[in-house]
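Protein chains: 2
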Amino acid sequence: MLAAVRAATLAELGERGYADLSVESVARRAGVHKTTVYRRWRDRQALVVDAFEHLAATEVPAPDTGALAGDLEALARALVGLLTSPRGAVMTAMLADAARIPEIARARERVFADRVEHVRPVVERAVARGEAPPGTDPARVARALAAPVYLRLLVSGDPLDEGAAAEAVQTALAVVGRLREEYSDR
Amino acid sequence: MLAAVRAATLAELGERGYADLSVESVARRAGVHKTTVYRRWRDRQALVVDAFEHLAATEVPAPDTGALAGDLEALARALVGLLTSPRGAVMTAMLADAARIPEIARARERVFADRVEHVRPVVERAVARGEAPPGTDPARVARALAAPVYLRLLVSGDPLDEGAAAEAVQTALAVVGRLREEYSDR
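These protein sequence lines are chains A and B, in that order. Okay, so the first sequence: first residue is 1 according to UniProt numbering, each after it adds one. Okay, so the second sequence: first residue is 1 according to UniProt numbering, each after it adds one.
Rather than coming from a laboratory, the hints here were simulated on the basis of the structure. Be a bit skeptical, because a hint or two may be false.
[Unchecked claim] Pairwise CB distance ranges, derived in the manner of DEER restraints: (1) B:Asp137 <-> A:Gly14: 27 to 37 Å; (2) B:Arg42 <-> A:Pro159: 24 to 34 Å; (3) B:Glu117 <-> A:Arg110: 34 to 44 Å; (4) B:Arg42 <-> A:Gly17: 22 to 32 Å; (5) A:Pro159 <-> B:Pro61: 25 to 35 Å; (6) B:Leu2 <-> A:Thr35: 54 to 64 Å; (7) A:Tyr183 <-> B:Gly70: 18 to 28 Å; (8) A:Arg180 <-> B:Gly70: 51 to 61 Å; (9) B:His33 <-> A:Gly81: 50 to 60 Å; (10) B:Gly17 <-> A:Asp43: 40 to 50 Å.
Built from N, CA and C at the ideal position, the CB exists for glycine as well.
Start from the sequences and build out the full structure, keeping to the hints where you can.
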């Protein structure tokens, strides 16, 4: 039931957008009674926030290739792959809705915070291997990696391709390299 | 007249959004006849695209502090300042509309391309001073500088403050530093 309702929520969002989505329309599409939906989700915002968080979260474990560059490459390719998939189209629409709907904005922020947790073990292993200085902030690395990809998607219109993933990896490695220099200068 | 119509377009956009904006409502707010508007702009899309491009373009000349770090800092502070201003709120709404309206997406891309041209002299002077390797792509530097700021605005929800500008500068300098290393390894 959970999966059917989440899938119905995303399908309604993709087809109609948030403004026209209702608990009733989601329940109908999922083939369940609306009281069943209301038992778990208070309102349509709760539905959308939950679906959004699951959309971004259903993913492979953090990569462990044995090197920071390889791990970052796997993360960057996964992000580009997600954002260029049908799920990515729904995510892009939700990112746009976040400009006007505070609950979506908060869901988006929770989703991004969750992505940082995904990057954390990668950074911790890099620190353990001496590839990144002690105390390297996983959030800083996650932002350096994600920012070039989202800039292309949401601002510059540059293609979301292999080059985008490569630019993300190079940027994150450059930031880590700079942190290392600053650390060794201390 | 031009300035009044552009200001009216932005005010209508901010208050009603693109869906409810019309040439008539813009003309009324600007205090001009709608045929006057139609003489210069074919339709409401043309109005919005033109207003958007002017919104982002009305700015100071490219900074020339004598050092790449200083120039990048001035650019990053100007971007953070713009995006946290009332004009920035309108820009954010337009960036959101770009997800669903192709003409706005194209305007957004032209605006970003224009920003790259703003960064070009900064990069050229850095190359002349030996701070960046020959052939450094101004677009790459512009993306490295802008991406962390837009990520905070449109995705992560992290604050758009001094720290955001500093992160943008450090990221762009890290990318240029990495390009220098690659160049000197050749």
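Do the hints match the structure? See the list:
{"no.": "1", "hint": "B:Asp137 <-> A:Gly14: 27 to 37 Å", "verdict": "holds (36 Å)"}
{"no.": "2", "hint": "B:Arg42 <-> A:Pro159: 24 to 34 Å", "verdict": "holds (29 Å)"}
{"no.": "3", "hint": "B:Glu117 <-> A:Arg110: 34 to 44 Å", "verdict": "holds (37 Å)"}
{"no.": "4", "hint": "B:Arg42 <-> A:Gly17: 22 to 32 Å", "verdict": "holds (27 Å)"}
{"no.": "5", "hint": "A:Pro159 <-> B:Pro61: 25 to 35 Å", "verdict": "holds (31 Å)"}
{"no.": "6", "hint": "B:Leu2 <-> A:Thr35: 54 to 64 Å", "verdict": "holds (57 Å)"}
{"no.": "7", "hint": "A:Tyr183 <-> B:Gly70: 18 to 28 Å", "verdict": "holds (24 Å)"}
{"no.": "8", "hint": "A:Arg180 <-> B:Gly70: 51 to 61 Å", "verdict": "violated (24 Å)"}
{"no.": "9", "hint": "B:His33 <-> A:Gly81: 50 to 60 Å", "verdict": "holds (52 Å)"}
{"no.": "10", "hint": "B:Gly17 <-> A:Asp43: 40 to 50 Å", "verdict": "violated (23 Å)"}
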